[in-house]
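S.K.: Sequence:
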Amino acid sequence: MLKEIRSLLSIAISSLEEEGKLSSKNAPAFRVDHTRQKGHGDIASNVALVLAKHVGTSPRGLAEQVVQHLPPSPLIERTEIAGPGFINFFLASEAWVRLVQEIRATGDSYGSSNIGTGERVLVEFVSSNPTGPLHVGHGRGAAYGDALVRVLRAAGYDTESEYYINDAGRQMDILALSIWLRYLELCGETVHFPEGAYRGDYIFDIAATLHREDGAAHHHSAAEVMDSLPTEIDAGIDLLIDRMKECVQKNGFSRIQDLGSTALVADIQEDLAHFGVEFDTWFSEKSLVVSGTLDRMVAKLRDSGHLYEKDDAWWFRSSDFGDEKDRVVVRANGNHTYFATDIAYHMDKLDRGFDQLINIWGADHHGYIGRMKAVIAALNRDPDHLTVLVVQFAALYRGGERVAMSTRSGEFVTLRELRQEVGADAARFFYVLRKPEQHMDFDLDLAKSQSNDNPVYYVQYAHARICSVFRQLAERGIDIDLRKADPGLLIEDQELDLLRSLSRYPEVVAQAARNYEPHQVAYFTRELANDFHAYYNAHPFIATEEHWRLARLSLVDATRQVLANALRLLGVSAPQSM
RNA sequence: GCGCCCGUAGCUCAGUUGGAUAGAGUGCGUGGCUACGAACCACGAGGUCGGGAGUUCGAAUCUCUCCGGGCGCGCCA
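Take the first sequence: its letters are residues 463 to 1040, numbered as in our numbering.
Any given hint could be a false lead.
[Stated by the list, open to error] In silico BS3-like links for lysine-lysine, alpha-carbon gap of 30 Å or less:
no., residue 1, residue 2
1, Lys500, Lys897
2, Lys897, Lys946
3, Lys811, Lys787
4, Lys515, Lys500
5, Lys787, Lys772
6, Lys483, Lys465
7, Lys707, Lys748
8, Lys748, Lys712
9, Lys465, Lys897
10, Lys762, Lys787
11, Lys465, Lys500
12, Lys897, Lys811
13, Lys465, Lys487
14, Lys762, Lys748
15, Lys787, Lys748
16, Lys772, Lys748
17, Lys811, Lys762
18, Lys483, Lys515
19, Lys762, Lys772
20, Lys465, Lys946
21, Lys515, Lys487
22, Lys465, Lys515
No wet-lab data here; the hints were simulated from the structure.
Start from the sequences and build out the full structure, keeping to the hints where you can.
M.R.: Okay, here's the thing in C-alpha cells:
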C-alpha cells in the first residue's frame, strides 16, 4: 500500500519538475508512513515539508501543488493537507478489497518480502559453555535470536542459525574436575568440594553415570589429591586439575570431560528444542583445536605481521584496527586464549561465504566487540560485516527480592524450570516483548503465578476465538464461500481499524528485520488482537445477512491468517482452541 | 577514571534513521454477557519523556553538560 502511494507521489513530483516548478535534485528522501492517528487519514507523507525546505518555498503551498498533480487512483478516497504541510491520504474501499484478497492469496507468506535480496546471514546466539544447564538469562538470548532468524528469513535474507559450543579451555577442565570429585565421593572418598568447582545437581548425575560405566577405573585417594592446597580459589583449582591429569592420565581425563560435555550439550539441545529453538549448525570450539584450524590461524596472522611476541606471550595487534589495546592470543604457558579460538572461529565463518555475521552476546561481553571488529579488519574484510547485538541481562525477582545467580554455585533458575512452570509460549513472548538492549526485570512470581495475565494469552485468545467462529459455522451447517465475499462492504469503525492494522503488517516485518527488532512484531500482534477483540464485541459475524456475513468473515479470516503469521515469527504457537 | 547500554504514567515497558494532541499492558474507578469463547470490550483518572543548555518550521528522538542505575576495562571464559 505504501509502495503505491509513494509511486503516485513520485509521479506528481516528476510532473512538477517537467513544468519547471520544482527541482528535487539532491533532495533528502521523503517518508510515506501509516498514520498514528485516524484523523490524519490512513497514510501520510512529509514530501512537501522535505522538498519545501530544499527549494525554499512554503510547505503547504507545495503540498497543494503536489496534490494537484497526483494521478487519479482507485485506492484513494481523498487527500488532505494538514499541519505544517503533511499530505494525508484517506484510502478508498477498493484498497481494502485488494488487501483482503492479497492476504487470502498469499496466505502464510503474507508479510514476507525480499528486502534482504538473498543476502547470506549467519546468526550466532546462546553459545553457552556446556558446563551446566541453560538458565533464564540464556533464555532471553535464545528467544531473541530465534525470533530474529525467523524475521530475517521472512524479509528475504538467506539466514542460518548457529550455536558455538564453548567446549575447550579452562572452564571445561573445571567441569571434568567437578565430575571427578563427585565420582570420588561415590567411590567412598571424603572430598572437601572446592569453592570454584561446579556444584549443580547435574554434576552428581554425570558422576553417577561415570561410576556405573567405568567402575573404579578412575579411583584415587582423595586425601592425596586434596592435600595442602593453596587457599586462593583459582590457584587451588588449577593445582587440582593438574593432579587430576596426573592421576587419571590423558585418556581418563578426556573420557571424563567428554562424558560431561556430551551429556550437557545433549541436555542443552533438548532444552532448546522444547523451547522451539532449532539451530542449523552446532559448531564445536574444540574442533578448531583438534583440526588444526587454530594453529593455522596463528601461523597465518604471524606471517602477515599481525602478531608479535612480548613477555613470552604472543599478542595480536588489534590496536592497529581500532581496538583500545593489543590482546594476547597465546599465553606464556603455551595455552591459547579464548580470543584465539574466537579469531579462528570467525575466520571460519567468513570462509563459509556469509555476507553478514551477526553475533548475539550478553552484556558482559560488550567490551569484546572492539577486538572482534579488529579481527575482521585484519582479515581484510569490512568490519561492518560483523554486527554484534548486545542483549542486556534479565534481572530476576522472586518475592520482591532480586535473585542472585551463579553457574558455579548452582544457584540459578534454569530455562527448563521456567518453561515447565510458565510454558514455552508465555516465556518466549515475555522475553521477546522487550527490546534486547533494554534492561529487563523478570518477575518470576508474576510470570508463574499469574501466567494468565501474560499478554501472549491475549493474542492467542484472539486466534482461538476466530477458529471458534469458523467451528460454529460448521456446526450450524452454514455454508460459506469466502471467495464470494465483498470486503468493500466493510465500513464500521472497528472494521476499518482492523484493515488498517492488517495492511501495516508487511511494513512491521520489514522494519523488524532492518533494525533487528523482533519485538516490533510482538507489539503488532497485541495491537491486532486488540482490534479484533474490539470488533468481536461490537458486531456479530454470523447472525447477520449473508452478504454482510461473508464480508465480515473474510476480514476475520484474514485476521486469523496474519495473527498466525506473526506468532510464527516469534516462535509462539497459534492455538485453535485454548 | 575511560568505554558501551539504560532513565518515558504508581509498576513493567513501547515510541528514538527529527514530524502532527507522547502510547500500551498492569494497577485503580465505573459500566457491559437472552447473538459467534467475559482469558473479552467500553469509558475515566494518571506525565516538568532524569535535570539544564543548544541545533530548527518542528526534539522523547540529534549535540553538549550534569545526575542516577547496569555492564565492561585480565596472559578468565
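S.K.: All hints, please: hold or fail.
M.R.: Now the hints, each set against the structure:
| no. | hint | in the structure |
| --- | --- | --- |
| 1 | Lys500 x Lys897 | holds (27 Å) |
| 2 | Lys897 x Lys946 | violated (42 Å) |
| 3 | Lys811 x Lys787 | holds (24 Å) |
| 4 | Lys515 x Lys500 | holds (27 Å) |
| 5 | Lys787 x Lys772 | holds (14 Å) |
| 6 | Lys483 x Lys465 | holds (25 Å) |
| 7 | Lys707 x Lys748 | holds (18 Å) |
| 8 | Lys748 x Lys712 | holds (16 Å) |
| 9 | Lys465 x Lys897 | holds (28 Å) |
| 10 | Lys762 x Lys787 | holds (21 Å) |
| 11 | Lys465 x Lys500 | holds (20 Å) |
| 12 | Lys897 x Lys811 | holds (27 Å) |
| 13 | Lys465 x Lys487 | holds (21 Å) |
| 14 | Lys762 x Lys748 | holds (19 Å) |
| 15 | Lys787 x Lys748 | holds (27 Å) |
| 16 | Lys772 x Lys748 | holds (26 Å) |
| 17 | Lys811 x Lys762 | holds (16 Å) |
| 18 | Lys483 x Lys515 | holds (15 Å) |
| 19 | Lys762 x Lys772 | holds (18 Å) |
| 20 | Lys465 x Lys946 | holds (27 Å) |
| 21 | Lys515 x Lys487 | holds (13 Å) |
| 22 | Lys465 x Lys515 | holds (24 Å) |
The structure does not agree with numbered hint 2 stated previously, though it agrees with all others.
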